[in-house]
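Enquirer: Assemble chain B onto chain A, guided by the hints.
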Amino acid sequence: MTLTLNHYLLVSGLLFAIGFAGVMLRRNIIIIFMCLELMLNAANLSLVAFSRFNLTLQPNLGPNPLPNYNGQVLVFFIITVAAAEVAVGLAIIVALFRARQSTHVEDINSLKF
Amino acid sequence: MSPFLFYLFATMTLIFGVAVVANRNPVASALSLVVSFLGLAALFVGLDAYFIAVIQVLVYAGAIMVLFLFIIMLLDLKAEERRKLNLVTFAGGSLVTLAFIAQLWQVLRKFELGQTAFPPLSERTVDDVQNVGKTLFGTHNLPFQVIGVLILVATIGVVVLSKRELK
Numbered sequence: 075m076t077l078t079l080n081h082y083l084l085v086s087g088l089l090f091a092i093g094f095a096g097v098m099l100r101r102n103i104i105i106i107f108m109c110l111e112l113m114l115n116a117a118n119l120s121l122v123a124f125s126r127f128n129l130t131l132q133p134n135l136g137p138n139p140l141p142n143y144n145g146q147v148l149v150f151f152i153i154t155v156a157a158a159e160v161a162v163g164l165a166i167i168v169a170l171f172r173a174r175q176s177t178h179v180e181d182i183n184s185l186k187f
Numbered sequence: 171m172s173p174f175l176f177y178l179f180a181t182m183t184l185i186f187g188v189a190v191v192a193n194r195n196p197v198a199s200a201l202s203l204v205v206s207f208l209g210l211a212a213l214f215v216g217l218d219a220y221f222i223a224v225i226q227v228l229v230y231a232g233a234i235m236v237l238f239l240f241i242i243m244l245l246d247l248k249a250e251e252r253r254k255l256n257l258v259t260f261a262g263g264s265l266v267t268l269a270f271i272a273q274l275w276q277v278l279r280k281f282e283l284g285q286t287a288f289p290p291l292s293e294r295t296v297d298d299v300q301n302v303g304k305t306l307f308g309t310h311n312l313p314f315q316v317i318g319v320l321i322l323v324a325t326i327g328v329v330v331l332s333k334r335e336l337k
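So the protein sequences, as listed, match chains A and B. Each residue of the first sequence is one higher than the one before, starting from 75 at the first, in my numbering. Each residue of the second sequence is one higher than the one before, starting from 171 at the first, in my numbering.
Because the hints were derived from the structure by calculation, they are not lab data. Predicted model, so just to flag it, every value in this text is computed and none were measured. Where is the CB? At the ideal position from N, CA and C, for every residue including glycine. It cannot be assumed that every hint is accurate.
To be verified - Have a look at the derived ranges for each label pair, beta carbon to beta carbon:
| # | chain 1 | residue 1 | chain 2 | residue 2 | range |
| --- | --- | --- | --- | --- | --- |
| 1 | B | Ile326 | A | Leu185 | 54 to 64 Å |
| 2 | A | Leu185 | B | Pro173 | 42 to 52 Å |
| 3 | A | Ile182 | B | Val258 | 50 to 60 Å |
| 4 | B | Val236 | A | Asp181 | 21 to 31 Å |
| 5 | A | Asp181 | B | Leu239 | 17 to 27 Å |
| 6 | B | Thr309 | A | Ser184 | 26 to 36 Å |
| 7 | A | Asn183 | B | Pro173 | 42 to 52 Å |
Chain A extracted, bound-state conformation (with noise of 0.2 Å):
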């Protein structure tokens, strides 16, 4: 049995699924933090899969696939802008604790209709 796309696909969209359900059912802000993290790895996994699954050939180095850069590079990225965003995340939320004394979201209910 070889692997497929699929398979990847399929552990990609778990992982988000994972990360979506932690994001609905806790109320603790950290965790939905990290759960932010496991949905952009969800996207990583497809996205890698993708670039190696449509591989490019090089006009000059002849009939030599390659996987597809533009995608890894994209990943490189989300990795990036995922680590600014965790800083400036944690802050915020170290930011409230001093204010609140909670990282609870249901106590976090000043806008709250």
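Expert: Just chain B, lined up with the frame of chain A:
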């Protein structure tokens, strides 16, 4: 990648992903997330994306998760006490997630291109980092510079946010 290794690492990634959501203790969640990311990095190696796999381990499993653990310990979070479960929220969240999985299954079942095996790669892929670098600095040079500015802005933002009182 042999199917056995794929199933091993995919199961590892998914099980520890569930552990992130299921654990009550934030430190245990963060450590589960590290293992999940390591499994994902192994899957990247199986897809011949060596550079991305290394970056995944260095940036995610290294830097980002250390930041998470640092903040958890700084805030001194204890394991959550059991609060009364909001049944409507729980049912709604589970329903949307299950609907998403069902949808995914339907789409993948009908996606015939995805049911073919991965085409073979040439021998020259050992210089993976070189190829990624050429694409990054050649085709995608402007986005790369923009990302640099973004990180600068994020750094300044974090410094401003971390000040004692915001003015």
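Enquirer: So which of those numbered hints doesn't the model satisfy?
Expert: 1, 3 and 6
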